[in-house]
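J.: These are the residues of each chain, in order.
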Amino acid sequence: DVKVTQSSRYLVKRTGEKVFLECVQDMDHENMFWYRQDPGLGLRLIYFSYDVKMKEKGDIPEGYSVSREKKERFSLILESASTNQTSMYLCASSLFTGDYNEQFFGPGTRLTVL
Amino acid sequence: KNQVEQSPQSLIILEGKNCTLQCNYTVSPFSNLRWYKQDTGRGPVSLTIMTFSENTKSNGRYTATLDADTKQSSLHITASQLSDSASYICVVSASAPGGYNKLIFGAGTRLAVHP
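Which chain is which? The protein sequence lines are L and C, in order.
Sequential numbering from 1 applies to the first sequence in my numbering.
Sequential numbering from 1 applies to the second sequence in my numbering.
Keep in mind the hints are simulated off the structure, nothing from the lab.
One or more of the hints may lead you astray.
To be verified - Some but not every residue of chain C turned toward chain L, in silico, with C-beta under 10 Å:
1) V4
2) Q9
3) I13
4) N32
5) S95
6) Y100
7) I104
8) F105
Claimed, not checked - Pair ranges (Cβ atoms, derived):
9) E22/L <-> K17/C: 39 to 47 Å
10) G99/C <-> D59/L: 37 to 45 Å
11) G40/L <-> R42/C: 44 to 52 Å
12) D59/L <-> R42/C: 22 to 30 Å
13) K71/L <-> N2/C: 28 to 36 Å
14) L82/C <-> D26/L: 36 to 44 Å
15) T15/L <-> L14/C: 22 to 30 Å
16) Q72/C <-> K70/L: 38 to 46 Å
17) E30/L <-> N18/C: 36 to 44 Å
18) T15/L <-> A79/C: 22 to 30 Å
Cβ atoms here follow ideal geometry from the backbone N, Cα and C, with glycine treated the same way.
Whole structure, please, built from the sequences with the hints as guidance.
T.: This is how it looks when you write it as structure tokens:
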């Protein structure tokens with residue numbers, strides 16, 4: 001079974017802090033994704049990566065950056081956390097990017113910025 | 001604009017009853033449609049996937065249908081169980097150049113099954 005793990009289930013940070021969210025997958029997937037999930041909205045793509053050291057902006061990249069130094073690990077960075085970044089953050093990975101692009105999700109990190 | 005809309009937003013049913021969740025989409029070019037189940041506090045898990053040529057797919061008590069002409073899909077749950085309480089998310093994949101399909105997520109239907 002594919003396993004996607006995220007470093008924290010719950011996180012509370014203060015406005016202005018630098019925040020790191022870590023994601024690790026164990027299935028040698030090329031592609032990894034970061035989403036945020038807010039009530040009443042569908043998942044929105046922040047960034048994705050289709051190879052080590054490669055990254056692409058998603059639909060809402062402002063205020064975020066990412067790092068992919070190893071194939072299995074994809075980090076989301078909030079350089080200076082703000083209250084409007086309070087959300088559920090979901091990491092996903094997939095083997096393919098085309099028609100059979102099932103994404104496997106981690107359990108999520110619920111981030112609260114005070 | 002690519003969009004996926006789900007209805008109802010929330011639903012309460014009694015254990016043992018059937019229910020149907022709806023998904024309408026305006027996504028082009030269409031590649032496939034998935035239904036995901038998301039338990040509270042967990043990530044989504046894929047239930048079914050359908051391509052353009054498929055109009056029904058079952059996974060146990062879950063049956064998904066797809067009408068590519070009207071751009072509608074439904075997820076039917078038979079003989080509901082308490083463990084079916086979750087959010088159900090419709091996700092449509094749009095083909096993109098280079099094979100990097102884009103996923104468009106619906107906001108989900110929150111289902112509560114009561115004893």
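J.: If a hint holds in the structure, say so; if it doesn't, say that too.
T.: A quick look at each hint next to the structure:
{"no.": "1", "hint": "V4", "result": "holds (7 Å)"}
{"no.": "2", "hint": "Q9", "result": "holds (8 Å)"}
{"no.": "3", "hint": "I13", "result": "violated (21 Å)"}
{"no.": "4", "hint": "N32", "result": "holds (6 Å)"}
{"no.": "5", "hint": "S95", "result": "holds (7 Å)"}
{"no.": "6", "hint": "Y100", "result": "holds (5 Å)"}
{"no.": "7", "hint": "I104", "result": "holds (7 Å)"}
{"no.": "8", "hint": "F105", "result": "holds (3 Å)"}
{"no.": "9", "hint": "E22/L <-> K17/C: 39 to 47 Å", "result": "holds (42 Å)"}
{"no.": "10", "hint": "G99/C <-> D59/L: 37 to 45 Å", "result": "violated (19 Å)"}
{"no.": "11", "hint": "G40/L <-> R42/C: 44 to 52 Å", "result": "violated (19 Å)"}
{"no.": "12", "hint": "D59/L <-> R42/C: 22 to 30 Å", "result": "holds (23 Å)"}
{"no.": "13", "hint": "K71/L <-> N2/C: 28 to 36 Å", "result": "holds (30 Å)"}
{"no.": "14", "hint": "L82/C <-> D26/L: 36 to 44 Å", "result": "violated (31 Å)"}
{"no.": "15", "hint": "T15/L <-> L14/C: 22 to 30 Å", "result": "violated (45 Å)"}
{"no.": "16", "hint": "Q72/C <-> K70/L: 38 to 46 Å", "result": "holds (42 Å)"}
{"no.": "17", "hint": "E30/L <-> N18/C: 36 to 44 Å", "result": "holds (40 Å)"}
{"no.": "18", "hint": "T15/L <-> A79/C: 22 to 30 Å", "result": "violated (49 Å)"}
In the structure shown, a violation is registered for the earlier hints numbered 3, 10, 11, 14, 15, 18, in ascending order.
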